[in-house]
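Construct the entire structure; sequences and hints are all you get.
2 protein chains.
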Amino acid sequence: MDAPLLTSIQSPADLKRLSVDQLPQLAQEIRQAICDQVALTGGHLAPNLGVVELTIALHYVFDFGYDRLLFDVGHQCYPHKLLTGRLGLLPKLRTREGMAGFPDPDESKYDLFAVGHAGTAISTAVGMARGDELNGETNRKSVALVGDASIVNGVAFEGLNNAGTLDRQFLVVLNDNGMSISEPQGAMAAYFDRVRVSPTYGDFKKRARKVLENIPGGSILEEIYHRGGEILKHAIATDHIFEHFGLVCVGPVDGHDLPTLVDMFNEIKDIDRPVLLHAKTIKGKGFDPAEDDATAFHSPKPFTVDGCRVELATSGRSFTAAFADAMLQLMAEDEKIYTVTAAMGPGTGVDKLIDKYPSRTRDTGICESHAMDMCAGIAKTGQKPFFAVYSTFSQRALDQAFQEVALQGLPVRVCMDRAGLVGGDGAVHHGFMDISIFRPLPGAVLLAACDEPTLNASLRFMKDYDAGPSFLRYPRDSVAKTPFQSDTDCPPFQLGKANLVIAPKDKPDLVVLAYGMPVYHAAQAIESLRGEGRDIALYDARFAKPVDIELLRKVISADIPVLTIEDHALAGGFGSAVLEACNEAKLPTHQVKRLGLPMKWIKQASRSAQLAEVGLDAKGITHAIREMLSNHPAPSPDTAVARTP
Amino acid sequence: MDAPLLTSIQSPADLKRLSVDQLPQLAQEIRQAICDQVALTGGHLAPNLGVVELTIALHYVFDFGYDRLLFDVGHQCYPHKLLTGRLGLLPKLRTREGMAGFPDPDESKYDLFAVGHAGTAISTAVGMARGDELNGETNRKSVALVGDASIVNGVAFEGLNNAGTLDRQFLVVLNDNGMSISEPQGAMAAYFDRVRVSPTYGDFKKRARKVLENIPGGSILEEIYHRGGEILKHAIATDHIFEHFGLVCVGPVDGHDLPTLVDMFNEIKDIDRPVLLHAKTIKGKGFDPAEDDATAFHSPKPFTVDGCRVELATSGRSFTAAFADAMLQLMAEDEKIYTVTAAMGPGTGVDKLIDKYPSRTRDTGICESHAMDMCAGIAKTGQKPFFAVYSTFSQRALDQAFQEVALQGLPVRVCMDRAGLVGGDGAVHHGFMDISIFRPLPGAVLLAACDEPTLNASLRFMKDYDAGPSFLRYPRDSVAKTPFQSDTDCPPFQLGKANLVIAPKDKPDLVVLAYGMPVYHAAQAIESLRGEGRDIALYDARFAKPVDIELLRKVISADIPVLTIEDHALAGGFGSAVLEACNEAKLPTHQVKRLGLPMKWIKQASRSAQLAEVGLDAKGITHAIREMLSNHPAPSPDTAVARTP
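Quick mapping for you: the protein sequence lines, in order, are chains S and P. Using my numbering, you'd call the opening residue of the first sequence number 1 and step up by one each time. Using my numbering, you'd call the opening residue of the second sequence number 1 and step up by one each time.
Hints are supplied without guarantee of correctness; some may be wrong.
Copies of one chain are not kept apart here, so a pair can be met inside one copy or by any two copies together.
[What the hints assert, rightly or not] Pairs of lysine to any residue, SDA-like flavour, derived with a Cα cap of 20 angstroms:
no., residue 1, residue 2
1, Lys497, Ala457
2, Lys336, Thr138
3, Lys619, Ser478
4, Lys507, Leu330
5, Lys109, Tyr465
6, Lys600, Gly409
7, Lys356, Glu133
Think of the hints as simulated: they come from the structure by calculation, not from any bench.
Shown next as structure tokens:
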């Protein structure tokens with residue numbers, strides 16, 4: 001191999017000094033750097049390996065110090081980051097001091113939007129294009145890089161439909177790897193699959209005529225024909241679906257063929273109307289294990305390569321795994337259960353259910369809104385839909401939960417994985433709003449699991465609860481057992497009833513009411529305070545709606561301080577629901593203190609570091625308890641209220 | 001005219017007894033009944049006139065007592081309601097005792113989903129089709145009736161993409177009237193416009209071959225060719241956009257030609273794969289004024305027809321009109337302002353801005369998610385986007401407000417019309433969640449207007465506020481002036497500061513803190529209590545985030561009861577924000593009472609009747625104040641706290 005190139009690239013200006021012949025070597029170095037790092041720390045692998053050449057070619061041709069490059073989803077931004085001066089941040093990938101796993105404007109001016117949710121890049125790019133026009137910067141170019149799994153999301157469709165009305169340069173690069181996050185879903189995926197990498201070299205004029213008929217203002221194509229280069233001319237597609245959206249469609253081209261990509265972008269970049277370049281890529285390109293199993297290597301944990309053997313590091317049993325097993329059990333018991341995921345089969349554990357029950361499961365692709373509505377329709381027929389979705393992505397189905405589910409009173413069961421802080425994925429993936437947004441829905445029930453026994457019990461409750469929708473939350477964490485609960489002694493969930501986890505000896509000095517996983521950390525905190533002679537009760541709240549007002553009445557009437565804890569925003573969250581319920585019941589709340597997420601964005605770090613940062617780990621909770629106890633004298637022991645276990 | 005038919009139809013069974021020859025007369029009678037009623041009471045007119053024949057033909061052919069008919073948006077359901085036994089409810093259209101303006105399962109088994117938001121019918125129909133399959137009811141047919149404006153919404157696209165994977169009967173009827181709510185927007189609309197009503201009678205086999213290439217499992221088409229009737233054969237479209245979604249596309253056909261529609265549905269209904277029938281209709285068909293101006297007659301107020309002259313009833317000046325005028329003023333002052341609507345130009349007043357500033361405004365079509373993202377992109381370029389949207393539809397852009405706006409800290413200004421109870425449109429259109437869902441967003445500011453001066457002042461505040469997004473709410477109501485505020489003496493909005501509206505004489509017995517329009521009703525209530533010798537202060541809260549904690553500190557420290565009032569859900573709403581802020585500031589809240597919307601769905605009625613129902617009119621507020629005062633002795637007069645006006 002020649003002298004290394006990557007270390008010499010501090011910015012795209014350095015890239016532009018290379019010859020096209022040198023670019024494949026650079027691609028190889030970028031691939032190697034990413035593979036080595038992800039093996040050490042985990043991170044998004046296959047998506048990044050697939051876009052190395054596309055990213056190099058884009059930066060080689062455009063000037064993204066001025067032009068606009070918008071990433072869709074953003075998990076494919078590593079090559080871009082390495083080309084824009086962030087090689088030095090790579091060793092601390094996905095930590096606070098290192099490179100974020102998603103685009104981050106705080107990190108570089110080359111990152112325009114912090115993103116992580118799919119389908120948004122075309123729409124924000126349309127906005128920037130319009131804004132640049134208004135600012136008189138008509139020559140400032142816009143490029144959106146979108147994967148084939150993202151482009152079927154509703155907002156991407158909406159964006160395409162509106163992009164088609166732009167009367168200026170606008171480029172959508174469709175990175176079609178045929179299986180963006182897991183397997184592609186929907187008819188569109190089948191369509192993409194049929195479109196092969198085979199620019200047809202037929203009679204261009206005949207094809208152009210047909211294109212003209214389909215594109216408003218299509219006479220621009222005649223101009224392109226005369227002005228455009230040979231490659232572009234022959235690559236214009238005349239039967240592409242996105243033609244109907246008003247875009248000039250080019251390709252499919254080989255997304256790993258650097259010289260062609262450079263030529264293509266050079267010819268496309270000055271076309272002053274919306275263009276879609278359809279590039280076929282291989283997810284995981286260049287790293288055999290990732291090419292073979294792009295789903296497993298989409299965002300792997302650390303791994304080791306030993307000859308041909310690749311071993312993924314394992315950690316404790318996750319809530320996700322526990323959910324999958326619980327659902328396998330429930331689906332075996334009740335044949336009316338139907339389970340849905342929106343392209344997050346591996347992430348939610350639903351892939352296991354799909355394997356076992358292919359006709360009673362569905363992956364809708366990245367279509368959370370549709371998935372919620374489909375569940376509504378299924379529930380209407382008397383079947384029992386469970387929608388497994390990340391908390392942060394459930395935000396995309398709020399309006400459907402409002403109208404098509406809650407207004408109809410339909411028992412759709414929404415199981416929200418990754419609720420709360422999520423660790424390395426950072427701000428774009430935290431699930432901190434699910435309580436606030438679903439709580440106002442009349443008839444909705446909100447519940448949470450804190451460990452595997454409660455996860456099992458909560459799902460069983462949801463299966464049988466058919467008076468309306470139910471929303472369950474659980475974190476991206478291990479199902480570490482609390483020392484206080486075994487698999488067998490977890491009482492069934494009762495609507496709106498909290499569960500005593502640590503019983504007080506007598507009338508407690510403090511009652512901790514924790515919602516979900518914080519029960520575990522609160523138990524640790526109480527354990528650590530055991531030597532300090534105070535009597536503290538811990539309840540697993542179980543329900544954020546309805547809250548256990550009878551328990552609150554007993555505790556507050558006895559003048560016992562209450563600490564609520566949640567891995568969720570304080571605004572409108574569980575503690576807020578407690579305050580509201582107390583207010584409604586005319587119970588004073590001056591002795592109620594709420595712990596939860598502060599009103600700020602929490603950046604990437606390990607989940608435990610993030611919990612510590614916001615005071616939701618055992619140490620933070622211990623501190624909060626001590627502070628409360630120091631403000632409150634121990635109450636008189638005559639009116640013990642907590643239930644016996 | 002022959003003997004009347006409509007009055008003899010109690011259910012679709014009666015319809016099926018008519019001959020096809022009689023159907024045009026029935027259509028004429030349905031049209032007349034709808035026109036007469038809407039002239040008296042207002043309601044959706046043009047959309048209903050456009051689907052009379054489609055609805056008759058569907059009920060004539062299918063059996064929707066068993067089969068599934070899903071309406072998209074639902075404002076086109078009047079003919080359906082008249083054919084399913086609800087002629088008697090028509091005279092009380094859109095009132096509690098009468099016919100709801102949207103489908104309502106509580107009204108009839110023929111209404112499957114209560115809807116009002118666009119784009120959902122395909123997705124819920126997909127769900128029902130899957131559920132029916134699971135129940136073994138493979139012959140239970142599914143039909144979704146969708147307008148061309150709805151089908152460009154993201155969830156409709158997601159639904160189509162997933163419908164294409166169904167392996168059974170499934171019919172989407174595309175009601176293409178070319179201008180569903182107002183003017184069509186986006187490239188797709190231009191596409192529809194080019195597709196004329198002209199089934200091509202060319203060589204079917206040649207076309208079928210092409211279709212085969214595009215549709216997975218396309219060999220079914222050969223079967224259709226052999227099995228299908230002559231009309232269907234010749235109407236199959238081979239270059240339709242939705243072919244790419246895996247649907248067999250038929251048409252366009254004339255959506256007012258009853259005999260053809262009946263034949264067509266008869267031929268289509270047994271095809272066991274997804275079909276889209278593209279029907280061209282005329283919005284407002286059969287009523288000349290509505291055909292001429294379908295936008296004005298989309299959902300008119302009552303009107304009178306005097307020969308050729310049609311006069312729409314007028315009511316007081318609306319917040320919508322005031323918003324439009326305020327924005328005209330601001331856009332004249334600040335050329336960086338860019339205003340966006342999602343197909344609600346007339347409803348939000350943005351149509352006036354589009355007329356005046358075509359290059360600084362945009363109607364995205366029914367694409368709320370895209371509109372929010374486009375605003376994010378525009379804000380990123382330094383322009384000042386204002387997104388005017390109904391509160392209830394803002395729910396469809398929550399995830400975009402979360403990631404693309406708030407996470408980036410972008411100053412997108414969201415102006416939410418029809419916040420609170422909306423009157424005749426009923427539960428599907430109430431805006432009761434906007435505070436709860438946007439309040440958890442870090443950096444977001446939430447404010448409300450209670451009359452025209454505060455609307456003007458709040459918009460001016462938003463124009464200059466660039467530290468993050470701002471969310472303004474105002475109701476579907478008249479800007480009745482409070483007797484206490486003139487156009488000129490409205491002080492500018494200051495971040496997080498409430499405004500004293502009725503000053504106490506001394507230390508007040510009660511402080512009312514109202515958010516938005518309830519200020520007006522609270523002022524009336526206080527006026528009505530004037531003779532009772534109690535001293536009540538009224539503040540216009542102005543901000544739900546941040547709340548005026550300094551004011552609360554002063555009032556609560558002085559042991560004065562506080563009544564919060566909001567036209568919004570209590571769960572997570574303004575009063576909840578007050579409780580949280582007090583809790584954080586260690587202020588007791590046992591003397592704080594919250595008035596707001598209860599946890600239930602409020603059905604159609606006049607807005608004033610709805611406000612009375614939930615106790616948010618002057619009478620209800622008066623009652624709440626009296627009750628609070630009866631529980632609290634008048635405080636001692638030594639610590640007056642309210643600011644002088």
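Evaluation of the provided hints:
no., hint, verdict
1, Lys497 <-> Ala457, "within (13 angstroms within a copy, 47 angstroms between copies)"
2, Lys336 <-> Thr138, "between (57 angstroms within a copy, 16 angstroms between copies)"
3, Lys619 <-> Ser478, "within (19 angstroms within a copy, 54 angstroms between copies)"
4, Lys507 <-> Leu330, "neither (40 angstroms within a copy, 62 angstroms between copies)"
5, Lys109 <-> Tyr465, "neither (50 angstroms within a copy, 23 angstroms between copies)"
6, Lys600 <-> Gly409, "between (34 angstroms within a copy, 11 angstroms between copies)"
7, Lys356 <-> Glu133, "between (53 angstroms within a copy, 19 angstroms between copies)"
Checked against the numbered hints given earlier, this structure breaks hints 4 and 5; the rest are met.
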